[in-house]
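Protein chains in written order, with our numbering: chain L, 1 to 303; chain H, 1 to 303; chain G, 1 to 257; chain U, 1 to 257.
Each hint should be verified, as a subset may be incorrect.
[As the list claims (entries may be wrong)] Reference listing, derived: stretches of chain G covered by chain L, where coverage requires no fewer than 3 residues with Cβ under 8 angstroms from a Cβ of chain L:
#	stretch
1	54–66
2	216–222
3	225–235
If you are wondering where the hints come from, they were derived from the structure by calculation, not from laboratory data.
Beta carbons: idealized from backbone N, C-alpha and C, even for Gly.
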Amino acid sequence: MVDLSVKLGKLQLKNPVMTASGTFGYGTEYCDFIDISRIGGIIVKGTTLRRREGNPYPRMAETPSGMLNAVGLQNKGVDYFIEKINPVIKDIDTNFLVNVSGSTVDDYVITAEKINELDNIPGIELNISCPNVKEGGMAFGTSCPSAASVVREVRKVYKKELMVKLSPNVTNIVDIAQVVEAEGADSISLINTLLGMAVDAEKRKPVLSTITGGLSGPAVKPVALRMVWQVAQVVKVPVVGMGGIMNATDAIEFLLAGASAVQIGTANFIDPTVTVKVIEGIEEYLKRHNFSSVQDIIGALEV
Amino acid sequence: MVDLSVKLGKLQLKNPVMTASGTFGYGTEYCDFIDISRIGGIIVKGTTLRRREGNPYPRMAETPSGMLNAVGLQNKGVDYFIEKINPVIKDIDTNFLVNVSGSTVDDYVITAEKINELDNIPGIELNISCPNVKEGGMAFGTSCPSAASVVREVRKVYKKELMVKLSPNVTNIVDIAQVVEAEGADSISLINTLLGMAVDAEKRKPVLSTITGGLSGPAVKPVALRMVWQVAQVVKVPVVGMGGIMNATDAIEFLLAGASAVQIGTANFIDPTVTVKVIEGIEEYLKRHNFSSVQDIIGALEV
Amino acid sequence: MKKFMLDLIVKENKQLNNQYSLLILTSNDDLPEMLPGQFAEVRVDDSPNTFLRRPISINFVDYTTNELWLLVQIVGDGTRKMCSLKPGEILNLILPLGNSFSLPENKTDQLLLIGGGVGTAPMLYWASYLKNKGFEDITVLLGGRSIDNLLQLEDFAQYAKVITTTEDATHGEKGFVTQHSALQTEKFSAIYTCGPTPMMKAVAAYATEKNIFCEVSLENTMACGIGACLCCVTDTKKGHVCVCTEGPVFNITKLKW
Amino acid sequence: MKKFMLDLIVKENKQLNNQYSLLILTSNDDLPEMLPGQFAEVRVDDSPNTFLRRPISINFVDYTTNELWLLVQIVGDGTRKMCSLKPGEILNLILPLGNSFSLPENKTDQLLLIGGGVGTAPMLYWASYLKNKGFEDITVLLGGRSIDNLLQLEDFAQYAKVITTTEDATHGEKGFVTQHSALQTEKFSAIYTCGPTPMMKAVAAYATEKNIFCEVSLENTMACGIGACLCCVTDTKKGHVCVCTEGPVFNITKLKW
Ligand SMILES: Cc1cc2nc3c(=O)[nH]c(=O)nc-3n(C[C@H](O)[C@H](O)[C@H](O)COP(=O)(O)OP(=O)(O)OC[C@H]3O[C@@H](n4cnc5c(N)ncnc54)[C@H](O)[C@@H]3O)c2cc1C
Ligand SMILES: Cc1cc2nc3c(=O)[nH]c(=O)nc-3n(C[C@H](O)[C@H](O)[C@H](O)COP(=O)(O)OP(=O)(O)OC[C@H]3O[C@@H](n4cnc5c(N)ncnc54)[C@H](O)[C@@H]3O)c2cc1C
Ligand SMILES: Cc1cc2nc3c(=O)[nH]c(=O)nc-3n(C[C@H](O)[C@H](O)[C@H](O)COP(=O)(O)O)c2cc1C
Ligand SMILES: Cc1cc2nc3c(=O)[nH]c(=O)nc-3n(C[C@H](O)[C@H](O)[C@H](O)COP(=O)(O)O)c2cc1C
Ligand code: FES
Ligand code: FES
């Protein structure tokens, strides 16, 4: 028996495989396909203080080994989550983290405060990196002062696991990570989507209603791995890696590069059972290489 | 007959298709496959003041719809280019531009001065964006002051077409483009490679000797299109787009997004005749849509 | 309804013409229950330009022979690959997805099913389903540019009265479906339609004018097909809703058409 | 030598065992001239994980039947796809690439060709070429883990004396190629080898010690295969040189081994 459990700041996960926000709904969408309680953690879709209608359609474009999305944080607001969703997911035996977005620091703070009251929610993922909304999101994650201010204020009111999700659309990811750590993040997750664009040559129009959107999937894996490795070199808090993970080998690459856990996003669309396959694949890899614990491979890249 | 010619700053190209530096050698490598004089312009491989051995091997990793390279500007130096290569390519009827890299501003300036003397070389592409060498390259392209200083100094000594090639590894590509334009660039090309990484899970080692390398190929096309579009919105000088172009449709997407010309890189490895196919494909597209000139589709995206 | 991810076996690939194939799939296990109007998300293997699954309607289900039919039009690499599958090959599908057409109230209702091009796909199963439920007056109106775009006419004839239009007059009346004379002469009590958006909008306008119950089956770009990604929204009077879960079938009164 | 990009036709795909296939390719036009030691860059279609071409050695060329042979070992998706090609399918290749083995000086020279695993691939063409040029004393030493890794023994026997080693003693002498008794008893004047790097290094050490002319065929990760990308360098006494143009064949005195 190998030990798959990992400690992630204040969280204990049964295994290092989580689902990425915005790609796994509230988890329940996948119940027909897998026992979602087998997953180490589920990050629910981006939640904001107030209801958001999201962007007009088309919101999606397929790209080589990836996709662009421009969902724009469509959600019914944090109160809806508390009243309607939380009771449903309450008894599922895994860690549900809420992905929190906002247009102002106050939005983030009030939303986080509300979620802090939910006993069964052990943490939030602070999304300072959504490229699909004009006012907020990514702007916070692309400069050190703004990243610092939002983490600082949320930290004051939020007592449980505070995971901060970084944007890859920056010159120096390490600077942002260090600022976020200094302001009290318990863990750092990355990467959110790369800002991209798709053009329909025949129609001579952008494919997305918003012209640009967020790129995810295997296409971004090399960039994600590089950033996870860079950040894991310098921060002391655990790092959660994601970006293009399609199978256990991809997940192991992130663990080797220094991630204590991984998130799987786009791959769920192609194979709704992928999370369970990745968990089993990591276990098989550990056995084959005679490791007793997943801890043994975290950051174990020989350079 | 449709008119494929484009004006690129001080250059006149017979068509908007060029080859990307580092992927087309000195052009002669492709002579068995195509008549390279049909190409609008050829950017020769990265040239530095002094000879460089480049990075140790392995230098290449395949990634989903792309590849990482860590060549590290291996070349025999500008004097070798002038003495041995230039006489060979002199009489080929296309525009040869030299891609110039350096570790210091002085390196860039001296190299540019030397190339300024070559009558048959109508321009240089200033590479301030190579992610594969420690000292120079990318560092210049990722901050406005350093980008400004190198362009300013080179502009003083270099009289012909000064194309400046930007790094995509930045928070705000528009800022860099505007600075480069203000310092006198005649045109702006982008994108160079995205900084990425590949891990061999079985060996638990990075694939590349340099750990990180530059990502190219279709995987980066959405990011490249977005940056070309952003830059073309704000600068007045012509923009040359590249990143993942595999066929005429891809090239047309860049033209629609605002590029006056395109460069083709990685695709040459898979199909050494791709440049000619793209030229023919653009012509076919223009005819099919009843355009008389490629000018008609440059920046013609309806947003 | 419970959703499944299944490896089905290609029993037959009938190339109807150079644009369309009918894939007949089967399984060693019993096929799950599926309703007319629902669709499947098909994984396309060995196709470098096909990263995501492709939504394809349930064309027909025969529980006696344990067959699922998909009617596929070649428009790009994904559908091209599907249309070149050979008997014995495996196709991975997630199904059944989305909602379904609404059963009319009275067995004697005069029902009109309108399909344009490959939009006829869900209509065959719907026609057979209605017939099996005892509905007596079913008309199927198929339209296309040319005779080549009219599909499965003989299959439809088993369940319904079939009428057609073609733009080039190679079959049935000349023109668009909305110009068919039956729309003037008959008094339909419900219309169900699937096809190109302009066609469906024209049908919806007709139904609205005549105050006829009308359901349309919408297309949209989909990533997941199961309501997880929120990529496939359409704008309704209630705001953005997912076509993959609250559709693909919508009553036109809910849409902002 | 002029390089070509050609669509060749798969004439036959001989599955030697579950790991290796011999692809016999042909063309309606005459195959271009190729030399022993050269390779081709093969485009693998319909394989989502295979973006770049794959370098594969020229295994054998028969100008009379207009056949090009490739010996392929399945190690990943690209080679798996190649090994599942069916007769009549098209394979796109760029060839001939790289340099070639050097012809020995005297027809009576005692020549040793050593191949390990799929590294035997270029040796068959080299053996036949030498034989055709009138060389009389050719020994081919093939090594592998087990009998399953010894390939084309009968083909080799037409051109050379064949001796073998296997690690599990299922064929020939037990052990590694460098442990074969012939290396002790015979006095070879030239050795040519291709196979896993540790094997080639052991052979090179033997040749250096005995002061025998020795050429090795190196592998490297390649993107273009034609000297354009500089991705495939190996470290020589003269610095970094491209394996795809200045190799794959190197005299061991040039390497930093
Ligand atoms: C609910 C639903 C049911 C459908 N039923 C059928 C059916 O029964 N038979 C059939 O042949 N087709 C059906 N389609 C359309 C089918 O999904 C697309 O034709 C297919 O996805 C195109 O894939 P491709 O790789 O061949 O083309 P691509 O190369 O991906 O694209 C070709 C064209 O198809 C469009 N397209 C691409 N992906 C999608 C997508 N996910 N959804 C919609 N359009 C897309 C593109 O915009 C482009 O114009 C249905 C679509 C939906 C949403
Ligand atoms: C000059 C030369 C001649 C060769 N001749 C033959 C031959 O005749 N028959 C044969 O079966 N194989 C030959 N090879 C090796 C062959 O190129 C690789 O096995 C093949 O590229 C693997 O592709 P894949 O997609 O199956 O595996 P992948 O999934 O890409 O990789 C599987 C393994 O192969 C390695 N590999 C991947 N790409 C390359 C590459 N471009 N070059 C070298 N190794 C790579 C990877 O590191 C990995 O360990 C030769 C290689 C070279 C450089
Ligand atoms: C359709 C879609 C919606 C997303 N929504 C969110 C979101 O609401 N909040 C967030 O932090 N990230 C969101 N993301 C980003 C993912 O969580 C993840 O960071 C990214 O997709 C990279 O991982 P992947 O390549 O495994 O998908 C979304 C991604 C997709 C594809
Ligand atoms: C092997 C390789 C070597 C490269 N060398 C250089 C170089 O010397 N100078 C430079 O400016 N860009 C270099 N590039 C970047 C390309 O010119 C181009 O910007 C990039 O590859 C994106 O285009 P593509 O996706 O069409 O390849 C290199 C790219 C590759 C793949
Ligand atoms: S396709 Fe994902 S929600 Fe509809
Ligand atoms: S593979 Fe490109 S130079 Fe050798």
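Quiz item: Residue count check for the stretch 54–66 of chain G against chain L: does it reach three with CB-CB under 8 angstroms?
Solution: Contact hint for the stretch 54–66 of chain G vs chain L: violated, 0 residues under 8 angstroms.
Self-check item: Outcome, coverage of the stretch 225–235 of chain G by chain L - at least 3 residues whose beta-carbon is closer than 8 angstroms to one in that chain
Solution: Holds, because 11 residues of the stretch 225–235 of chain G bring their Cβ atoms closer than 8 angstroms to Cβ atoms of chain L.
Practice problem: Tell me if chain L covers the stretch 216–222 of chain G under the three-residue, 8 angstroms CB rule, please? | Solution: holds (count 3)
Comparing the model with each numbered hint stated earlier shows that hint 1 is the single one that does not hold.
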